[in-house]
Amino acid sequence: EAGVTQFPSHSVIEKGQTVTLRCDPISGHDNLYWYRRVMGKEIKFLLHFVKESKQDESGMPNNRFLAERTGGTYSTLKVQPAELEDSGVYFCASSRDITGELFFGEGSRLTVL
Amino acid sequence: RKEVEQDPGPFNVPEGATVAFNCTYSNSASQSFFWYRQDCRKEPKLLMSVYSSGNEDGRFTAQLNRASQYISLLIRDSKLSDSATYLCVVNEGTYKYIFGTGTRLKVLA
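Which chain is which? The protein sequence lines are F and U, in order. Start counting the first sequence at 1; every next residue gets the next number (the numbering used here). Start counting the second sequence at 114; every next residue gets the next number (the numbering used here).
For reference, chain F alone in the conformation it holds in the complex (with noise of 0.2 Å):
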């Protein structure tokens, strides 16, 4: 069974420019995280899907970011414009159901310069 997949694993962009970060979460698991760990700091949420629904995307920092499951399949984090602070390693995870295992991404790592 494949895992979480995440695109890419890492970018490089100027301050104003966009960034998409892709996530393929595992198969049938119908929730769907995003969490950022930004440099010595802990995880933290950012936003949860149900399918193709947004949860709660309190975790967001602004309105810089926006988050899409299409179909309820893949999800999608696009930041535009990007700002320095954005700087860090976006995970996607997924689960099964809401309070068992949750299985982790290998994490975009973003730069923001």
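Calculated directly from the structure, the hints in this document are not laboratory data. Hints may contain errors.
If you only want the chain F side, here are some residues facing chain U, beta carbon under 8 Å, derived [to be verified]:
id, residue
1, Asn31
2, Ile43
3, Phe45
4, Gln55
5, Asp56
6, Glu83
7, Phe91
8, Thr99
Calculated Cβ distances over 10 Å to all of chain U for the following chain F residues [unchecked claim]:
id, residue
9, Arg22
10, His48
11, Gln80
12, Ser87
Label-pair ranges, simulated between beta-carbon atoms [claimed, not checked]:
id, chain 1, residue 1, chain 2, residue 2, range
13, U, Glu116, F, Arg64, 21 to 31 Å
14, U, Gly167, F, Thr76, 39 to 49 Å
15, F, Thr76, U, Lys158, 19 to 29 Å
Beta carbons are placed, not taken as given, at the ideal position from N, Cα and C, and that holds for glycine.
Let chain F serve as the given structure and place chain U on it in line with the hints.
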């Protein structure tokens, strides 16, 4: 106060040593608890869930103390391959998983 607190370490221990990590959480209504392991520049992976009665998996033992709101992880007979960051994760009964900052362990030859 952070929702989930861990000693960041690093803990440097010799091979064969026993090492224990603690984690405290602030929400008394939290319902499920986990230890994840994260290797350098890799994703977190579930090490073990933590049950109320305590549980053991080989060299690893996890315990939960609800009254004091802390979770522990004990690693016996440490191996070089145990070197990693150990993340305490708490679920409050919803989809929200709260992560600690992690405790770094380095097992020395």
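Verification of the hints:
Against a cut-off of 8 Å between C-beta atoms, the interface hint on Asn31/F holds, since the closest Cβ of chain U lies about 6 Å away. The criterion of a C-beta within 8 Å of any C-beta in chain U is met by Ile43/F, whose closest approach is roughly 4 Å, and the hint holds. For Phe45/F, the interface hint holds, since its Cβ comes within 8 Å of a Cβ in chain U; the closest pair sits about 6 Å apart. With a least beta-carbon distance of about 6 Å to chain U, the hint placing Gln55/F at the interface is held under the 8 Å criterion.
Hint status for Asp56/F relative to chain U: holds, with the closest Cβ pair at about 7 Å, below 8 Å. Look at Glu83/F: its Cβ only gets to about 23 Å from chain U, farther than 8 Å, so that hint breaks. Taking 8 Å as the C-beta cut-off, the interface hint given for Phe91/F holds, the closest approach to chain U being about 6 Å. Annotation: interface hint on Thr99/F holds; nearest CB of chain U at approximately 5 Å, less than 8 Å.
With 10 Å as the threshold on Cβ separation, the claim that Arg22/F sits away from chain U holds: the shortest Cβ distance comes to roughly 15 Å. Taking the minimum C-beta to C-beta distance to chain U, about 5 Å, the non-interface status of His48/F is violated against the 10 Å cut. Here Gln80/F stays apart from chain U, with its beta-carbon at least about 25 Å from theirs, past the 10 Å limit. Chain U leaves Ser87/F outside its interface by the beta-carbon criterion, the shortest separation being 15 Å against a cut-off of 10 Å.
The hint said 21 to 31 Å for the Cβ distance between Glu116/U and Arg64/F, and at roughly 25 Å that hint holds. At roughly 41 Å, the beta carbons of Gly167/U and Thr76/F sit within the given window of 39 to 49 Å. Taking the beta carbon of each, Thr76/F and Lys158/U are about 24 Å apart, inside 19 to 29 Å as hinted.
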